[in-house]
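These protein sequence lines are chains A and E, in that order.
The first sequence lines up with residues 1 to 114 when you count with this note's numbering.
The second sequence lines up with residues 1 to 111 when you count with this note's numbering.
By construction, these hints were calculated from the structure, which means they are not laboratory data.
Careful, some of the hints might be misleading.
Dumping the calculated DSBU-like pairs for lysine-lysine here, alpha-carbon to alpha-carbon at most 30 Å [stated by the list, open to error]:
id, chain 1, residue 1, chain 2, residue 2
1, E, K42, E, K98
2, E, K71, A, K44
3, A, K11, E, K98
4, A, K44, E, K42
5, E, K42, A, K15
6, A, K44, E, K98
7, A, K71, E, K42
8, A, K83, E, K98
9, E, K98, A, K78
10, A, K83, E, K68
11, A, K15, A, K44
12, A, K62, A, K83
13, E, K98, E, K68
14, A, K62, A, K44
15, A, K71, E, K98
16, A, K83, E, K42
17, A, K71, A, K11
18, A, K11, A, K62
19, A, K83, A, K11
20, A, K62, E, K42
21, A, K62, E, K98
22, E, K110, E, K56
23, A, K44, E, K68
24, A, K11, E, K42
25, A, K78, E, K42
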Amino acid sequence: EAGVAQSPRYKIIEKRQSVAFWCNPISGHATLYWYQQILGQGPKLLIQFQNNGVVDDSQLPKDRFSAERLKGVDSTLKIQPAKLEDSAVYLCASSLGSSDNEQFFGPGTRLTVL
Amino acid sequence: GESVGLHLPTLSVQEGDNSIINCAYSNSASDYFIWYKQESGKGPQFIIDIRSNMDKRQGQRVTVLLNKTVKHLSLQIAATQPGDSAVYFCAENTGGFKTIFGAGTRLFVKA
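Bound-form chain A, shown alone (with noise of 0.2 Å):
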């Protein structure tokens, strides 16, 4: 079975700047989160995806950073402007249920803001 796929793998962008995320999780899952990973960090989650509803966006900076699942499937992240503190791997997990279960995980994308 296919894991969960992210793209791009690495991305370097200046202060200021805009940058998209993209992920396709397992088929089947119901449940999408992006987690934040900053470097010597455990993941922190930013949002939490249930099908096309958001279940828990309480840690996702909402003046920056912005998240859709619009047909239940695959996701984008975007952040727009990027600060610095933003440099960290943005990792992309699916499950079949709720938080609850097994969580796979996606390669991630680390983000390098300069």
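Following the hints, complete the assembly by docking chain E onto the known chain A.
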């Protein structure tokens, strides 16, 4: 606030020995706990999970112990192999909502 933390940031063990990675959690309402392994350049990989109605769960070479009285979680890896070298995260979940990860422990396996 809620937090999940680890007692030891780095653990070094000899190949063939057993490894024990510890984790403390602060939310007594958490009912689902997971251990993940993360290798360099990859996303976290599920190892084993345990629900709050259990004290112990075993997998292949791994055992998770849950002590709800002191809010402590541990991961035991039997006969540690070089391929086990990675960063290990514990995570907690409450009612199927937000999963909170700890800071991680780096495991080094010496050949």
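Of the hints given before, which are not true for this structure? Per hint list: single violation, 10.
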